[in-house]
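Peer 1: The residues making up each chain are set out below.
There are 2 protein chains.
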Amino acid sequence: MPSISLKGKAMPASPIRKLVPFSEEAKKRGVKVYHLNIGQPDIETPENVLRKIRNIDLKVIEYSHSAGTITYRKKLVEYYRKYNIDVSPEEMIVTTGGSEAILFAMNSCLDAGDEIIIPEPFYANYNGFSITSGVVVKPINSSIEDGFALPPMKAFEEAITSRTKGIMICNPNNPTGYLYSKEELELLKEIVRKHDLFLFADEVYREFTYDGKIHHSVMNLKGIEQNVVLLDSVSKRYSLCGARIGVLISRNRDVVSTALKFAQARLSPPTFGQIASEEAINTPDSYFRDVLAEYYKRRNVVVGSINRMEGCFCPTPGGAFYAVARLPIDNSDKFCQWLLDSFNCNGQTVMLAPATGFYSTPGRGLDEVRISYVLNVNDLKAAMNCLSEALKVYPGRQKSAVGSRQSNN
Amino acid sequence: MPSISLKGKAMPASPIRKLVPFSEEAKKRGVKVYHLNIGQPDIETPENVLRKIRNIDLKVIEYSHSAGTITYRKKLVEYYRKYNIDVSPEEMIVTTGGSEAILFAMNSCLDAGDEIIIPEPFYANYNGFSITSGVVVKPINSSIEDGFALPPMKAFEEAITSRTKGIMICNPNNPTGYLYSKEELELLKEIVRKHDLFLFADEVYREFTYDGKIHHSVMNLKGIEQNVVLLDSVSKRYSLCGARIGVLISRNRDVVSTALKFAQARLSPPTFGQIASEEAINTPDSYFRDVLAEYYKRRNVVVGSINRMEGCFCPTPGGAFYAVARLPIDNSDKFCQWLLDSFNCNGQTVMLAPATGFYSTPGRGLDEVRISYVLNVNDLKAAMNCLSEALKVYPGRQKSAVGSRQSNN
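Protein chains in written order, with my numbering: chain A, 24 to 432; chain B, 24 to 432.
Because the hints were derived from the structure by calculation, they are not lab data.
Check the hints yourself; a few may be wrong.
Identical copies go unnamed one by one, so any copy, or any two together, can satisfy a pair.
Stated by the list, open to error - In the DSS-like style, the derived pairs of lysine-lysine whose C-alpha atoms are separated by at most 27 angstroms in a straight line are:
no., residue 1, residue 2
1, Lys-51, Lys-422
2, Lys-82, Lys-55
3, Lys-82, Lys-98
4, Lys-161, Lys-32
5, Lys-98, Lys-50
6, Lys-41, Lys-51
7, Lys-245, Lys-98
Between the sequences and the hints, there should be enough to build the whole structure, so can you do that?
Peer 2: As structure tokens, this is what we get:
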């Protein structure tokens with residue numbers, strides 16, 4: 024029997040999905056599980072989008088252009104204009120989800136062994152895509168004490184080697200919810216310009232900002248237009264995760280023409296998803312106002328609840344719908360599994376994502392979890408209650424160390 | 024400005040799509056272009072599938088399971104049972120088109136530098152996927168004189184090195200339309216077993232066979248169950264190219280569990296496409312009878328017409344909807360471009376795919392073109408007339424060499 028590849032062996036299992044068998048077992052035992060482990064929003068897809076799909080009158084479901092239909096790319100120009108981002112259809116490759124945009128960016132810009140610097144914790148699947156494309160991730164540390172702000176310039180400088188070809192950020196951030204300030208982006212610009220690096224920016228949560236904060240796009244950083252590659256997706260924006268539509272955008276025509284060759288090899292992005300995504304741009308602003316108001320309430324429930332729990336700390340995220348919390352626990356993988364296989368509070372428990380999967384430095388994230396606030400406020404309150412009760416009885420509960428770290432904040 | 028990757032530079036532009044700018048120019052000049060260059064069928068998607076999409080009543084378009092929805096995978100079990108292929112949902116990873124199935128197979132089974140043997144000419148995008156995953160394609164020659172039959176065992180043996188990990192076939196074949204016999208598959212089995220190689224089989228044209236011939240699947244080769252990886256797609260079967268749904272199937276659980284990790288990184292295959300594909304399995308047999316009868320007529324028009332043209336030769340394909348023809352020309356890239364930019368016959372011309380893009384050995388395919396018979400019989404006859412007239416006046420027309428080669432048949 025031939026053996027699988029070393030690359031395949033090195034691929035990480037999804038930290039978000041690897042506890043699924045334990046949650047399935049818990050459910051079989053009759054335990055109600057609150058899923059705060061996944062980024063699947065419960066928010067309804069806009070009605071105009073669903074109506075559009077129901078009214079499809081095509082006779083043949085054909086391939087589209089490998090770069091995406093021209094009508095969708097033109098519509099995207101309109102969408103970005105609303106955010107003062109000025110791009111043309113020729114600067115876009117429509118992709119199969121943000122995932123494929125990341126893969127195309129890595130494959131187009133980096134060779135095997137080339138390095139990419141990413142502040143950690145970072146979106147876990149960046150690990151999978153870097154292993155797939157042979158790229159080496161060089162993590163630099165963003166810390167919970169600073170609310171996961173951008174690491175200082177010195178940290179980037181120290182991580183740069185002759186193989187460094189790019190920096191990747193996610194803004195607002197998954198898993199931390201951190202929203203980078205204009206000043207932080209300007210700092211990134213300086214580093215990128217000085218070392219002539221690519222700047223890959225995953226801005227799929229652009230709309231999700233709170234407390235009056237504004238999202239600043241890397242597309243508007245002056246002077247590094249040829250370095251910037253934007254990675255985007257409709258998944259969270261319009262609750263269209265299953266549509267699998269994203270986009271890679273760059274003003275660097277070499278990047279776009281190279282990405283197009285990878286796009287041609289896979290023929291085209293999904294046709295139904297493009298139709299849905301094109302219509303989604305017509306979604307009224309009121310939809311987002313309602314969605315944001317809802318997430319704002321949810322965020323406050325989660326962050327407020329956790330910070331009231333003894334020995335716990337959760338910085339207040341400025342965007343997205345995730346938070347990373349530090350808990351008084353020995354090991355987040357063990358704790359998250361224990362929540363499912365050994366704990367319940369009146370027949371209920373909560374499923375969280377261990378933060379370890381969002382770090383690439385071994386040993387980091389052991390006392391942190393990622394919480395996706397994708398349930399309604401009542402369910403979230405019940406879930407937070409489960410978490411609070413669980414922490415009181417968890418056998419691996421820690422005391423002094425965590426308390427002292429938390430008191431720094 | 025940072026430079027793109029060497030991998031990106033090495034990626035081939037699609038041989039099927041690279042002439043598109045010339046066809047667009049021709050159309051601007053008012054020339055009618057018959058597209059025989061692409062694998063996009065004109066056949067209508069089954070009505071039950073379109074109805075299913077129009078009746079979608081989901082409220083949230085969610086991610087599915089990374090391996091595909093369980094309902095679709097169970098339905099696929101039914102589908103394969105009709106072809107006496109016995110598989111379970113746990114042996115399947117639903118992919119974003121057959122393209123992603125190929126990529127997952129390569130990434131799961133081969134590391135950078137590992138070799139895969141493929142009889143050429145072969146589906147051009149295998150080149151793109153091998154470059155993407157760092158895999159080295161070792162072509163062995165199947166020749167037009169033999170109608171593109173499987174190369175002899177000796178050719179495989181000579182190509183095998185210590186880095187060889189697999190053999191890839193496409194059956195029925197794109198671009199040649201060749202349908203492998205049971206004896207040829209048994210020969211492949213012997214080679215695979217002797218050298219303990221993976222056997223990757225792209226069987227997306229399974230239904231498209233002619234002249235009473237039967238398709239034999241690699242899934243039914245006894246004794247190499249752990250070596251076989253099936254790559255499949257709904258694109259051509261149900262005229263659902265834009266749905267972007269394929270599947271990787273193997274009885275080798277290591278391959279499936281490894282492919283699942285790549286699948287988890289990209290979250291899920293398209294939801295709309297899975298709904299359409301699940302319904303497609305209910306398509307009545309009469310649909311395929313009509314489709315096959317239509318393609319059979321088309322094949323006969325193309326093959327008959329070409330073999331009547333002086334100095335031309337086209338073996339009769341047993342399956343799929345492609346044929347490779349040898350023409351009395353100096354260079355198929357030049358000829359196919361000339362058809363678009365310098366020729367017309369009463370305001371009409373024909374777009375073909377140069378066969379060079381389907382070979383990885385330089386210099387091969389220079390006097391061959393791939394013809395996709397995806398237009399109705401009347402249009403095909405008009406296209407064949409254009410081709411015939413074009414060959415009479417093409418400045419790069421060759422005489423003796425091609426004539427002598429053809430006379431061998």
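Peer 1: Between the shortest in-copy and the shortest cross-copy C-alpha distance, which are at most 27 angstroms for Lys-51 and Lys-422: within, between, both, or neither?
Peer 2: Answer is neither; intra-copy 34 angstroms and inter-copy 75 angstroms both fail.
Peer 1: Indicate which option fits the pair Lys-82, Lys-55 if close means a Cα-Cα distance not exceeding 27 angstroms: within, between, both or neither.
Peer 2: Result: close only across copies, 23 angstroms inter versus 44 angstroms intra.
Peer 1: When no copy is named, should Lys-41 and Lys-51 be tagged within, between, both, or neither for a Cα gap of at most 27 angstroms?
Peer 2: Only inside one copy: Lys-41 and Lys-51 sit 17 angstroms apart there, 54 angstroms across copies, limit 27 angstroms.
Peer 1: Is the C-alpha distance from Lys-82 to Lys-98 at most 27 angstroms within one copy, between copies, in both cases, or in neither?
Peer 2: Answer is both: 23 angstroms inside a copy and 24 angstroms across each meet the 27 angstroms cutoff.
Peer 1: With identical chains, the pair Lys-161 and Lys-32 could be close in the same copy or across copies; at 27 angstroms between alpha carbons, which is it: within, between, both, or neither?
Peer 2: For Lys-161 and Lys-32, both the intra-copy (20 angstroms) and inter-copy (24 angstroms) Cα distances are at most 27 angstroms.
Peer 1: At most 27 angstroms between alpha carbons: which applies to Lys-245 and Lys-98, within, between, both or neither?
Peer 2: within (24 angstroms within a copy, 53 angstroms between copies)
Peer 1: Given a CA cutoff of 27 angstroms, do Lys-98 and Lys-50 count as a within-copy pair, a between-copy pair, both, or neither?
Peer 2: between (43 angstroms within a copy, 25 angstroms between copies)
Of the numbered hints given earlier, the model fails hint 1 alone.
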